[in-house]
Amino acid sequence: TLQALPLTVNRARPIAEAMVTSGGICLREVNPKTMASKLVANLYFAGEILDIDGFTGGFNLQAAFSTGYLAGQSAALAIKKREGETDARQ
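Per my numbering, residue 1407 is the first one in the sequence shown, and the count goes up by one each step.
Keep in mind that the hints were calculated from the coordinates and are not lab data. Quick caveat: nothing in here was measured; it's all calculated off a predicted structure. This list has only true hints and no planted wrong ones.
Cβ-Cβ distance ranges computed for the label pairs, FRET-style:
1) Asn1416 <-> Ala1447: 45 to 55 Å
2) Gly1463 <-> Lys1487: 36 to 46 Å
3) Asp1459 <-> Ala1422: 14 to 24 Å
4) Arg1434 <-> Ala1484: 19 to 29 Å
5) Phe1471 <-> Leu1449: 17 to 27 Å
6) Val1415 <-> Glu1489: 48 to 58 Å
7) Ala1484 <-> Gly1464: 23 to 33 Å
8) Glu1423 <-> Val1446: 26 to 36 Å
9) Leu1483 <-> Leu1408: 45 to 55 Å
10) Gly1490 <-> Ala1422: 44 to 54 Å
11) Phe1461 <-> Ala1422: 17 to 27 Å
25 Å max Cα-Cα, derived DSS-like pairs, lysine-lysine:
12) Lys1444 <-> Lys1487
13) Lys1486 <-> Lys1444
14) Lys1486 <-> Lys1439
15) Lys1487 <-> Lys1439
The beta-carbon is built from N, C-alpha and C at its ideal position, and this holds for glycine as well.
From just these sequences and the hints, can you work out the full model?
Right, dumping it as structure tokens:
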């Protein structure tokens, strides 16, 4: 069995070749049901602005698509509620 595999990183690849960025908005500061900021009203987050890193193979794209859809739906619903409209899905 493999016990250790020390590696030396000689240099990082250019950002243009990156598969995913790391860091971003702390998930504790985001409502996961709406993607709304818990700190700033009417601010929504999606994709790689969030502190989410997935494996390569489409996982990061799926996270971006899903959080983008949810953030957009939530923002639209918030506007409708402010304007006095009701959600047609209810």
